[in-house]
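Peer 1: Sequence:
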Amino acid sequence: MTYPQTKAALQRLLTDHVVPGVSYAFIDHDDIETGEMGQAAVVPRSEPLRAGMVFDVASLTKVVGTLTVVLQLLAQGRLQLTDRLSDWLPEWQDQRVTVRHLLTHTSGIVGYIPNRNQLGAADLTAGLLQLHVGPNFNQKMVYADVNYIFLGWIVEKILGEPIQVAAQKRVLTPLGMTHSTFTPSNPLACVPTELTADRGLVRGVVHDPKGYVLQRRCGSAGLFSTAGDLATFCHAYLNPEQVASVLPPDWVHQLTTDWTPTGTAGRSLGWALAGTQWPQPHRIIWHSGFTGTYLVLDPQQQQAMVFLSNRIHPDAPNEVYLDQRNAVIGTYLAEK
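Heads up, the sequence shown is in my numbering, so the first residue is 2 and it goes up one at a time.
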(Lines of atoms letter the chains of each structure in order from A and count residues from 1; the text may use other names and numbers.)
(Lines give C-alpha, C1' and ligand atoms only; values in the text may rest on other atoms or scores of the structure.)
Protein backbone atom coordinates (compact mmCIF):
# COMPACT_ATOMS: atom_id res chain seq x y z
CA MET A 1 0.00 0.00 0.00
CA THR A 2 2.16 2.84 -1.27
CA TYR A 3 -0.03 4.79 -3.77
CA PRO A 4 2.95 6.43 -5.55
CA GLN A 5 0.82 8.25 -8.14
CA THR A 6 -1.46 9.74 -5.49
CA LYS A 7 1.49 10.80 -3.35
CA ALA A 8 3.07 12.42 -6.41
CA ALA A 9 -0.19 14.29 -6.98
CA LEU A 10 -0.09 15.47 -3.37
CA GLN A 11 3.48 16.64 -3.82
CA ARG A 12 2.46 18.63 -6.90
CA LEU A 13 -0.03 20.54 -4.76
CA LEU A 14 2.95 21.80 -2.77
CA THR A 15 5.26 22.33 -5.73
CA ASP A 16 2.59 24.37 -7.53
CA HIS A 17 1.84 26.33 -4.32
CA VAL A 18 -1.80 25.23 -4.31
CA VAL A 19 -1.60 24.44 -0.58
CA PRO A 20 1.20 24.97 1.97
CA GLY A 21 1.01 21.48 3.46
CA VAL A 22 -0.82 18.14 3.40
CA SER A 23 -1.43 15.48 6.01
CA TYR A 24 -2.87 12.26 4.64
CA ALA A 25 -3.87 8.70 5.43
CA PHE A 26 -4.63 5.65 3.30
CA ILE A 27 -6.77 2.85 4.68
CA ASP A 28 -6.78 -0.56 3.00
CA HIS A 29 -8.70 -3.14 5.01
CA ASP A 30 -6.83 -3.22 8.34
CA ASP A 31 -3.71 -1.46 7.05
CA ILE A 32 -3.35 2.27 7.70
CA GLU A 33 -0.58 4.51 6.38
CA THR A 34 -0.23 8.15 7.38
CA GLY A 35 2.15 10.89 6.33
CA GLU A 36 2.65 14.61 5.97
CA MET A 37 4.48 16.97 3.66
CA GLY A 38 5.05 20.70 3.34
CA GLN A 39 4.40 23.59 5.68
CA ALA A 40 1.99 24.10 8.55
CA ALA A 41 2.30 27.88 8.13
CA VAL A 42 3.87 30.41 5.81
CA VAL A 43 2.96 33.53 7.84
CA PRO A 44 4.00 35.16 10.06
CA ARG A 45 6.92 32.77 9.49
CA SER A 46 7.52 29.47 7.76
CA GLU A 47 6.77 26.44 9.94
CA PRO A 48 7.13 22.79 8.88
CA LEU A 49 4.11 20.50 9.13
CA ARG A 50 4.78 18.03 11.92
CA ALA A 51 3.34 14.55 12.35
CA GLY A 52 0.15 14.57 14.38
CA MET A 53 -0.68 18.25 13.94
CA VAL A 54 -4.36 19.13 14.35
CA PHE A 55 -6.44 20.61 11.53
CA ASP A 56 -9.69 22.57 11.55
CA VAL A 57 -11.62 20.06 9.42
CA ALA A 58 -14.59 22.40 8.82
CA SER A 59 -17.56 20.59 7.26
CA LEU A 60 -16.18 17.13 7.97
CA THR A 61 -17.85 17.93 11.29
CA LYS A 62 -21.16 17.21 9.55
CA VAL A 63 -20.42 13.56 8.82
CA VAL A 64 -17.98 12.69 11.60
CA GLY A 65 -19.97 14.28 14.40
CA THR A 66 -23.52 15.35 13.62
CA LEU A 67 -24.50 12.61 11.16
CA THR A 68 -23.08 9.89 13.38
CA VAL A 69 -25.12 11.04 16.37
CA VAL A 70 -28.22 11.34 14.17
CA LEU A 71 -27.73 7.78 12.89
CA GLN A 72 -27.54 6.58 16.48
CA LEU A 73 -30.83 8.30 17.29
CA LEU A 74 -32.46 6.88 14.16
CA ALA A 75 -31.30 3.39 15.10
CA GLN A 76 -32.70 3.85 18.62
CA GLY A 77 -36.06 5.04 17.29
CA ARG A 78 -35.71 8.39 19.06
CA LEU A 79 -35.76 10.19 15.71
CA GLN A 80 -37.40 9.41 12.38
CA LEU A 81 -36.49 10.52 8.87
CA THR A 82 -40.10 11.64 8.47
CA ASP A 83 -40.06 13.85 11.57
CA ARG A 84 -40.77 17.44 10.65
CA LEU A 85 -38.29 20.13 11.57
CA SER A 86 -41.18 22.05 13.13
CA ASP A 87 -41.94 19.09 15.41
CA TRP A 88 -38.62 19.65 17.14
CA LEU A 89 -38.11 23.38 16.55
CA PRO A 90 -41.57 24.97 16.77
CA GLU A 91 -40.07 28.38 15.91
CA TRP A 92 -39.63 27.06 12.38
CA GLN A 93 -42.87 27.78 10.54
CA ASP A 94 -42.70 25.64 7.37
CA GLN A 95 -44.07 22.19 8.15
CA ARG A 96 -42.84 20.57 4.92
CA VAL A 97 -39.18 20.25 5.90
CA THR A 98 -38.27 16.86 7.40
CA VAL A 99 -35.15 15.32 8.93
CA ARG A 100 -34.57 13.54 5.62
CA HIS A 101 -34.53 16.87 3.78
CA LEU A 102 -31.97 18.23 6.22
CA LEU A 103 -29.73 15.16 5.99
CA THR A 104 -29.72 15.16 2.17
CA HIS A 105 -29.55 18.95 1.66
CA THR A 106 -32.89 18.94 -0.16
CA SER A 107 -34.68 21.26 2.29
CA GLY A 108 -34.49 24.19 -0.13
CA ILE A 109 -33.90 26.55 2.80
CA VAL A 110 -32.71 29.94 1.56
CA GLY A 111 -32.58 33.54 2.72
CA TYR A 112 -30.32 36.36 3.73
CA ILE A 113 -29.37 37.38 7.26
CA PRO A 114 -28.06 40.98 7.33
CA ASN A 115 -24.68 41.36 9.05
CA ARG A 116 -24.74 37.65 9.83
CA ASN A 117 -21.11 37.33 10.90
CA GLN A 118 -21.39 40.26 13.31
CA LEU A 119 -24.39 38.87 15.20
CA GLY A 120 -24.29 37.26 18.60
CA ALA A 121 -25.43 33.68 19.11
CA ALA A 122 -29.01 34.56 20.11
CA ASP A 123 -29.56 36.87 17.14
CA LEU A 124 -27.95 34.46 14.69
CA THR A 125 -30.15 31.66 16.03
CA ALA A 126 -33.25 33.79 15.53
CA GLY A 127 -32.13 34.79 12.06
CA LEU A 128 -31.58 31.20 10.96
CA LEU A 129 -35.02 30.21 12.21
CA GLN A 130 -36.54 33.00 10.13
CA LEU A 131 -35.13 31.72 6.83
CA HIS A 132 -37.61 30.28 4.34
CA VAL A 133 -38.04 27.42 1.88
CA GLY A 134 -37.32 28.24 -1.77
CA PRO A 135 -38.19 26.62 -5.10
CA ASN A 136 -35.60 23.83 -4.89
CA PHE A 137 -37.42 22.15 -1.99
CA ASN A 138 -37.63 18.35 -2.31
CA GLN A 139 -36.25 18.39 -5.88
CA LYS A 140 -32.66 19.57 -5.94
CA MET A 141 -29.67 19.00 -3.69
CA VAL A 142 -28.29 22.40 -2.64
CA TYR A 143 -25.58 22.08 -0.02
CA ALA A 144 -26.17 24.43 2.94
CA ASP A 145 -24.74 24.61 6.47
CA VAL A 146 -28.14 25.53 7.92
CA ASN A 147 -29.35 21.95 7.41
CA TYR A 148 -26.77 20.57 9.82
CA ILE A 149 -27.07 23.45 12.22
CA PHE A 150 -30.77 22.60 12.53
CA LEU A 151 -29.95 18.89 12.90
CA GLY A 152 -27.61 19.80 15.74
CA TRP A 153 -30.40 21.69 17.45
CA ILE A 154 -32.72 18.70 17.05
CA VAL A 155 -30.09 16.48 18.67
CA GLU A 156 -29.85 19.00 21.51
CA LYS A 157 -33.62 18.79 22.03
CA ILE A 158 -33.46 15.00 22.27
CA LEU A 159 -30.31 14.57 24.35
CA GLY A 160 -30.42 17.76 26.40
CA GLU A 161 -26.87 18.80 25.53
CA PRO A 162 -25.23 20.75 22.68
CA ILE A 163 -24.35 18.78 19.56
CA GLN A 164 -20.61 19.20 19.99
CA VAL A 165 -20.79 17.86 23.54
CA ALA A 166 -22.87 14.93 22.31
CA ALA A 167 -20.45 14.21 19.46
CA GLN A 168 -17.48 14.20 21.84
CA LYS A 169 -19.23 11.74 24.19
CA ARG A 170 -20.89 9.55 21.58
CA VAL A 171 -18.37 9.50 18.72
CA LEU A 172 -14.88 10.84 19.38
CA THR A 173 -14.27 9.32 22.81
CA PRO A 174 -15.71 5.83 22.21
CA LEU A 175 -13.88 5.51 18.88
CA GLY A 176 -10.59 6.42 20.55
CA MET A 177 -10.12 9.62 18.54
CA THR A 178 -7.98 11.04 21.32
CA HIS A 179 -6.53 13.94 19.33
CA SER A 180 -9.92 15.16 18.09
CA THR A 181 -11.72 17.96 19.87
CA PHE A 182 -13.96 20.97 19.49
CA THR A 183 -11.89 22.97 21.96
CA PRO A 184 -8.14 22.69 21.26
CA SER A 185 -6.06 23.39 24.35
CA ASN A 186 -2.82 24.16 22.51
CA PRO A 187 -3.14 26.45 19.47
CA LEU A 188 0.48 25.78 18.46
CA ALA A 189 -0.39 22.11 17.91
CA CYS A 190 -3.01 23.26 15.38
CA VAL A 191 -2.42 24.16 11.76
CA PRO A 192 -3.45 27.80 11.19
CA THR A 193 -6.08 28.79 8.66
CA GLU A 194 -6.73 32.27 7.31
CA LEU A 195 -5.00 35.52 8.15
CA THR A 196 -8.02 37.83 8.51
CA ALA A 197 -8.44 41.56 8.97
CA ASP A 198 -10.74 41.23 11.98
CA ARG A 199 -9.49 38.09 13.73
CA GLY A 200 -5.81 38.10 12.76
CA LEU A 201 -4.23 34.69 12.18
CA VAL A 202 -6.89 32.10 13.01
CA ARG A 203 -5.20 29.25 14.84
CA GLY A 204 -6.72 26.76 17.26
CA VAL A 205 -10.11 28.48 16.93
CA VAL A 206 -12.79 27.51 14.43
CA HIS A 207 -12.50 29.41 11.15
CA ASP A 208 -16.14 29.04 10.09
CA PRO A 209 -18.02 32.27 10.97
CA LYS A 210 -21.23 30.55 12.09
CA GLY A 211 -19.27 28.01 14.06
CA TYR A 212 -17.32 30.83 15.71
CA VAL A 213 -20.56 32.44 16.88
CA LEU A 214 -22.59 29.34 17.78
CA GLN A 215 -19.68 27.44 19.39
CA ARG A 216 -20.89 24.17 20.99
CA ARG A 217 -24.31 24.50 19.33
CA CYS A 218 -22.92 24.29 15.79
CA GLY A 219 -23.36 20.97 14.01
CA SER A 220 -21.95 22.10 10.68
CA ALA A 221 -18.34 22.98 11.62
CA GLY A 222 -16.02 23.19 14.61
CA LEU A 223 -14.21 19.85 14.76
CA PHE A 224 -10.41 19.72 14.97
CA SER A 225 -8.74 16.42 14.13
CA THR A 226 -5.68 14.62 12.79
CA ALA A 227 -5.11 12.33 9.84
CA GLY A 228 -4.55 9.46 12.26
CA ASP A 229 -7.81 10.01 14.11
CA LEU A 230 -9.77 10.37 10.89
CA ALA A 231 -8.18 7.15 9.64
CA THR A 232 -9.50 5.52 12.80
CA PHE A 233 -12.94 6.93 12.00
CA CYS A 234 -12.81 5.69 8.39
CA HIS A 235 -11.68 2.23 9.45
CA ALA A 236 -14.60 2.08 11.87
CA TYR A 237 -16.96 3.19 9.09
CA LEU A 238 -15.74 0.33 6.91
CA ASN A 239 -16.27 -2.10 9.81
CA PRO A 240 -19.32 -0.80 11.70
CA GLU A 241 -20.07 -4.19 13.27
CA GLN A 242 -16.95 -3.71 15.38
CA VAL A 243 -18.33 -0.48 16.87
CA ALA A 244 -22.07 -1.05 16.53
CA SER A 245 -22.92 1.15 19.51
CA VAL A 246 -21.29 4.11 17.76
CA LEU A 247 -21.94 3.37 14.08
CA PRO A 248 -25.23 1.47 13.63
CA PRO A 249 -24.38 -1.13 10.95
CA ASP A 250 -27.83 -1.24 9.35
CA TRP A 251 -27.70 2.48 8.70
CA VAL A 252 -24.01 2.70 7.76
CA HIS A 253 -24.35 -0.05 5.15
CA GLN A 254 -27.13 1.93 3.47
CA LEU A 255 -25.05 5.07 3.00
CA THR A 256 -24.10 4.17 -0.57
CA THR A 257 -27.80 4.64 -1.40
CA ASP A 258 -29.22 7.85 -2.88
CA TRP A 259 -31.47 9.00 -0.02
CA THR A 260 -32.77 12.17 -1.70
CA PRO A 261 -36.58 12.35 -2.15
CA THR A 262 -36.30 11.84 -5.92
CA GLY A 263 -33.59 9.20 -5.57
CA THR A 264 -31.62 10.90 -8.34
CA ALA A 265 -29.88 13.91 -6.74
CA GLY A 266 -26.64 12.06 -5.91
CA ARG A 267 -26.69 12.47 -2.15
CA SER A 268 -26.84 10.01 0.68
CA LEU A 269 -27.59 10.82 4.29
CA GLY A 270 -24.79 13.31 4.90
CA TRP A 271 -22.39 11.99 2.30
CA ALA A 272 -21.97 12.84 -1.37
CA LEU A 273 -22.05 9.89 -3.76
CA ALA A 274 -19.71 9.02 -6.60
CA GLY A 275 -18.83 5.90 -8.53
CA THR A 276 -20.18 3.84 -11.37
CA GLN A 277 -23.35 1.91 -12.20
CA TRP A 278 -21.94 -0.11 -15.09
CA PRO A 279 -21.01 -2.89 -15.47
CA GLN A 280 -22.07 -3.17 -11.84
CA PRO A 281 -22.93 -0.71 -9.09
CA HIS A 282 -19.85 0.52 -7.24
CA ARG A 283 -20.48 3.59 -5.17
CA ILE A 284 -18.12 5.50 -2.97
CA ILE A 285 -19.03 8.14 -0.41
CA TRP A 286 -17.09 11.31 0.22
CA HIS A 287 -17.27 14.68 1.94
CA SER A 288 -15.13 17.80 1.91
CA GLY A 289 -14.48 20.80 4.15
CA PHE A 290 -13.91 24.46 3.23
CA THR A 291 -10.52 24.62 4.94
CA GLY A 292 -9.13 22.07 2.47
CA THR A 293 -10.10 18.66 3.83
CA TYR A 294 -11.88 15.57 2.57
CA LEU A 295 -12.64 11.92 3.24
CA VAL A 296 -13.20 9.35 0.49
CA LEU A 297 -14.54 5.91 1.46
CA ASP A 298 -15.07 2.83 -0.69
CA PRO A 299 -17.03 0.39 1.49
CA GLN A 300 -17.09 -2.29 -1.22
CA GLN A 301 -13.29 -2.40 -1.47
CA GLN A 302 -12.66 -1.62 2.22
CA GLN A 303 -10.48 1.33 1.31
CA ALA A 304 -10.43 5.01 2.22
CA MET A 305 -8.36 8.17 1.95
CA VAL A 306 -8.02 11.07 4.38
CA PHE A 307 -6.77 14.41 3.08
CA LEU A 308 -6.08 17.41 5.31
CA SER A 309 -4.63 20.69 4.07
CA ASN A 310 -4.61 24.36 5.02
CA ARG A 311 -5.77 25.61 1.60
CA ILE A 312 -7.09 28.91 3.00
CA HIS A 313 -3.75 29.78 4.61
CA PRO A 314 -2.93 32.55 4.43
CA ASP A 315 -5.77 33.67 2.15
CA ALA A 316 -9.25 32.39 1.26
CA PRO A 317 -10.93 31.21 -0.87
CA ASN A 318 -8.12 29.78 -3.08
CA GLU A 319 -10.54 28.42 -5.67
CA VAL A 320 -7.68 26.98 -7.74
CA TYR A 321 -7.58 24.26 -5.11
CA LEU A 322 -11.01 22.91 -6.03
CA ASP A 323 -10.06 21.58 -9.47
CA GLN A 324 -6.84 20.18 -8.07
CA ARG A 325 -8.73 18.48 -5.24
CA ASN A 326 -10.96 16.65 -7.70
CA ALA A 327 -7.94 15.65 -9.78
CA VAL A 328 -6.21 14.13 -6.76
CA ILE A 329 -9.35 12.20 -5.83
CA GLY A 330 -9.54 10.93 -9.41
CA THR A 331 -5.91 9.81 -9.26
CA TYR A 332 -6.53 8.00 -5.99
CA LEU A 333 -9.62 6.20 -7.24
CA ALA A 334 -7.86 5.13 -10.43
CA GLU A 335 -4.75 3.96 -8.59
CA LYS A 336 -6.42 2.00 -5.82
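It is possible that part of the hints are untrue.
Claimed, not checked - Straight line, CA to CA, 20 Å or less: simulated EDC-like cross-link-like pairs of lysine to aspartate or glutamate:
#1 K158 <-> D251
#2 K337 <-> D29
#3 K337 <-> D316
#4 K170 <-> E157
Calculated directly from the structure, the hints in this document are not laboratory data.
Peer 1: Now tell me if each hint is right for this structure.
Peer 2: Status of the hints after comparison with the structure:
no.	hint	in the structure
1	K158 <-> D251	violated, 24 Å
2	K337 <-> D29	holds, 9 Å
3	K337 <-> D316	violated, 33 Å
4	K170 <-> E157	holds, 13 Å
Checked against the numbered hints given earlier, this structure breaks hints 1, 3; the rest are met.
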